[in-house]
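Protein chains: 2
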Amino acid sequence: MGEISVPALRNAATQLRIDSVRATSEAGSGHPTTCLSAAEIVAALFFAEMRYDPKAPQNPDNDRFVLSKGHAAPILYAAWAEAGLFPREELLKLRRIDTDLEGHPTPRLSFVDVATGSLGQGICAAVGIALNARRIKSDYRTYVLLGDGEMAEGSVWEAGNLALHYKLDNLCGIIDVNGLGQSQATQFDHDMDQIAARWKAFGWHTLVVDGHDIPALLAAFKEARTASGRPTMVLARTLKGKGLSAIEGKDGWHGKALKKGKETDDAIAELEKQFVPNAPRTVIQQPPISNRPAERVDYAKLPKPAYKLGDLVATREAWGAALAAVGTVDERVVALDADVKNSTFSDKFEKAHPDRFFEDFIAEQVMVGAAMGLAARGAVPFPSTFACFLTRAADFIRMSGISFVNVKLTGSHAGISIGEDGPSQMALEDLSMMRSVPDCAVLYPCDAVSTERLVAAMAQHKGLAYMRTSRPKTPVTYGPDEVFPIGGSKTLRQSGEDVATVVGVGVTVFEALKAYDQLFTQGVHIRVIDAYSLQPIDAATLVAAGEATKGRIITVEDHYPSGGLGDAVSEAVASAGFAVRRLAVREIPRSGQPEELLDRYGISAKHIVEAVKKVL
Amino acid sequence: MGEISVPALRNAATQLRIDSVRATSEAGSGHPTTCLSAAEIVAALFFAEMRYDPKAPQNPDNDRFVLSKGHAAPILYAAWAEAGLFPREELLKLRRIDTDLEGHPTPRLSFVDVATGSLGQGICAAVGIALNARRIKSDYRTYVLLGDGEMAEGSVWEAGNLALHYKLDNLCGIIDVNGLGQSQATQFDHDMDQIAARWKAFGWHTLVVDGHDIPALLAAFKEARTASGRPTMVLARTLKGKGLSAIEGKDGWHGKALKKGKETDDAIAELEKQFVPNAPRTVIQQPPISNRPAERVDYAKLPKPAYKLGDLVATREAWGAALAAVGTVDERVVALDADVKNSTFSDKFEKAHPDRFFEDFIAEQVMVGAAMGLAARGAVPFPSTFACFLTRAADFIRMSGISFVNVKLTGSHAGISIGEDGPSQMALEDLSMMRSVPDCAVLYPCDAVSTERLVAAMAQHKGLAYMRTSRPKTPVTYGPDEVFPIGGSKTLRQSGEDVATVVGVGVTVFEALKAYDQLFTQGVHIRVIDAYSLQPIDAATLVAAGEATKGRIITVEDHYPSGGLGDAVSEAVASAGFAVRRLAVREIPRSGQPEELLDRYGISAKHIVEAVKKVL
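These protein sequences, in sequence, are chains P and G. Counting with my numbering, you get residues 1 to 616 for the letters of the first sequence. Counting with my numbering, you get residues 1 to 616 for the letters of the second sequence.
Fair warning: there could be bad hints in the mix.
Copies of the same chain are indistinguishable here, so a pair counts whether it falls within one copy or spans any two.
To be verified - In silico EDC-like links for lysine to aspartate or glutamate, alpha-carbon gap of 20 angstroms or less:
| id | residue 1 | residue 2 |
| --- | --- | --- |
| 1 | K256 | D266 |
| 2 | K137 | E263 |
| 3 | K550 | D355 |
| 4 | K250 | D347 |
| 5 | K301 | D330 |
| 6 | K351 | D251 |
| 7 | K304 | D330 |
| 8 | K256 | D347 |
| 9 | K200 | E223 |
Bear in mind the hints are in silico, worked out from the structure with no lab data behind them. What you are looking at is a predicted structure, and each value in this text was computed from that prediction instead of being measured.
With the rest of the complex left out, here is chain P (with noise of 0.2 angstroms):
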């Protein structure tokens, strides 16, 4: 282990406040006030607590770095350069198209984990990170940089109990108390006693400490080493603007960088002053290297699906059987449910591997969060609610798109088929929430065997995936050696005679079905298709469809209009020319039984057959 020397950090220090005031006036906009508080407790983690290999950020042992207050980008990129990923020179693309050092963090770096920017994630993500290293057996620590007013966001609390629940002595986060919000000072400003209490009353090993005293820092770190079973929050109390004696601690600079000449130049000069003179280099501590065997990943063990034709069976519960399966051939996989496992029948992956089974209480933005570290560092997590309940993570969500992250995400009970308990319950957004995230697979298959089917499929898929789940019990549609690509479709009737296509998905097929046999037997032909994929959807196949019928297409699905199947399919078959007539939910609706209710919004068997009259 390298000396520690406090002169050596203090001059780190000077460097990255240099760094982030150049590299945000070259850039004309950024964020250099909250880079400057922060700076001694950058230069301390990176360049004296922190283990890790400076050329291989990705290292499975590195310590890892969450900087959750994401608009301190600059001295990020500033610690990177100093610790020699890249050259200083670099940084002054900050903010350009031709570079990575984007305003805000995103993994398009290697030193990123998760994007952030989006205030209180990365304490989330942090939860995930290091609940991974329990999983992977390593004793890599996660540290995770807050700013203050970033706690006035509730999914930090969230993080606070999960993180509690789960003893993370492996964890320890900063808050760069620096008083100041955007427009105003934060809502505690520098009282620490009341932020102190929070933290410990949420059961987190808490110290107050001077954020621009590096003996202070480090003292700290060193004692949530020693910290045992339980994670801790050091509260540095700093100035925001530090260092610089015109703006230092003083309002209204948040977001604003120097002007280029002589403001920066003046600044430099200032900072330059603060070098110490004679000091060493700072030397950093590598990880142990270790040799831990490849994680065991076998799909050709992956048993075929097992139902009969015509059983009835939930897909919910079809999903939680297909995942506990997966979870044995592949152990990368774990699952995170915010209680309502045995509704979403994660229940079913809990008994079979009960290691890898995260109970998140009711904390949907927690959940994903932590289910984005998890997979930044290369589980591949499973988090479910019910559908609607996945909008409170929303936020979340989006970032995980921005965090190229490998999570899949399922919604259970979708839709006004969950009957009596209510438009509170009924998901009828989520697939318009996910398709909302390019590159995101989003699948909502109709019975247990294409379920079980895409399950194994989006494990396998590399990136975000969504599946839609549903209460009812459907019967099972799909013998045991259908095949179900992501960005495929089934097609259930067609004829040469067909005059009209109609395109389900869930619970509608079988309305599409009931549909086909009332119409047939009036002597009139509709093609069938199962759009279990709708996104990527099978455009190829909605085309021929279309030509096929006179481009006379009907969408059915127990979802919102907006942004659900029908605009995907619209959007599919738009450069063939043909356009889209959609049957959904229009109005909020209301609790009833679910049949009664799939007749009340419109989206029945009786519905589809008028609307296929009405076409012809």
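On the provided structure of chain P, position chain G as indicated by the hints.
For chain G alone, coordinates are given in the frame of chain P:
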């Protein structure tokens, strides 16, 4: 004031238990056990503590009750039946399609302010309801009943902070600590110390009581009335299923109705034995009669827009000015912001109307939740933040839709046109999220004049509305006399020779106009439409434009393709048989200059020109 009789309250609690069991058994679903744990709390509140007119639930001076644990709906309905609002027999219609007594409460019922059933939201709404009491200078108190599992939701702690910040001593929360979640024990089970420590740390006056001890509950409520300058949280230790010996305190009974017949009959018999013989009836305390003057609303006094054609003004800045002006003619208008008031420009409203501005710090969930509560009590709240961060409150927005509340959301800094800050700050799914709320007006003006007009329109609109504003300055395009009805559009360029229709919105209107100019010089005429109202959308104008341009319709939007302008237009013209080509952002963007980004991601004038040429 009527005499309080403890035996009478005990009997009321027993009656509420009987009614809750009977109604859920009859429905065949629902949550009786969570009602049973809360029976004494609800009885003490409704029949001793609260002042209200049971025949006029919307009396503005009634004390308010919010059932944050919405799945206990049956006991809420039973309380109002017991209070005399409707006949007890109605309770047996619970969860049926022909009643408003839904599975979870919605404002279809006169005594429900906001829909609950998504946990952690009711307390946020209660903060807004308590703020409203100050706004209308009423002495009403606000009571909110939470479940203990609910405390895992971060939004609860956002509410905790905000209620402290505004010193809401007219707010009293009660947590029904029955120790059991849906799928297992809650994180803290019956550890009252752990729970109390959290509320104390958050600054609330915190009391721990036996939740089945009526005198203890009454004493706690009395003490809450005397807690000056801060809200009170009563932590009531209870047993789930209390009163039924076979179920009491047992896991595995969440959300399960007793079977009709013997199981239910035995339960009712056991409960009936718990009646205290010969107790007096309860007496409900009436609120004081108030003679408050009507709030001043006079839009005739609103001045006309005074912008000069061609001047460069960001719509976000025009929005702030317009909101301040609307606040002057409409006393009901209030504004809320999440620490970005100097970016959204809600600070213009704050300056003009400081008493009606509520800083919520970086806590979007409670911001929208409090707005729901304020709106439910007659205010016209405008919560604002960056559009991307409204996704943080997506579930609250969903529940706002189900609550039919008069909330006016604004999201600024939308789209890639913000430039260098990067993808975490770029809303590209907000239009989709808001279009997923049935009947929500979704507005996206391109210039200062249309912004000003539409702010006034949204304030006067009955129901939910959303406005998207932009960061870059755009030229004033409309004259002071133009009108902008919700549901309208503006055709900016048209001729008898138009070969295609280009529909833009917000910043892309100007790209469409540039494309028009470029094509014009090549002798190609296009129709250009500003679809400032995305929902409802001006279908008639769009269909007519399609008819005039051979069905060639191109949309261009600073948004992902899912659920945005393209989908809205596509659905509007589907009945006419027109397909729509969509230009939209199709991948996760990166940092860069706004114009570079519009070009890189395919929504600049150049791409519109190409798209027009392709369809010809």
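Comparing the hints with the structure gives:
1. K256 / D266: Within one copy only: 16 angstroms inside a chain, 70 angstroms across chains, cut-off 20 angstroms.
2. K137 / E263: Close neither inside one copy (50 angstroms) nor across copies (50 angstroms); limit 20 angstroms.
3. K550 / D355: Neither, since 55 angstroms and 62 angstroms both go past 20 angstroms.
4. K250 / D347: between (52 angstroms within a copy, 19 angstroms between copies)
5. K301 / D330: within (10 angstroms within a copy, 68 angstroms between copies)
6. K351 / D251: Between copies only: 17 angstroms across, 54 angstroms inside.
7. K304 / D330: within (16 angstroms within a copy, 65 angstroms between copies)
8. K256 / D347: Between copies only: 18 angstroms across, 50 angstroms inside.
9. K200 / E223: within (15 angstroms within a copy, 27 angstroms between copies)
Against the hints set out earlier in the document, violations occur for numbers 2 and 3.
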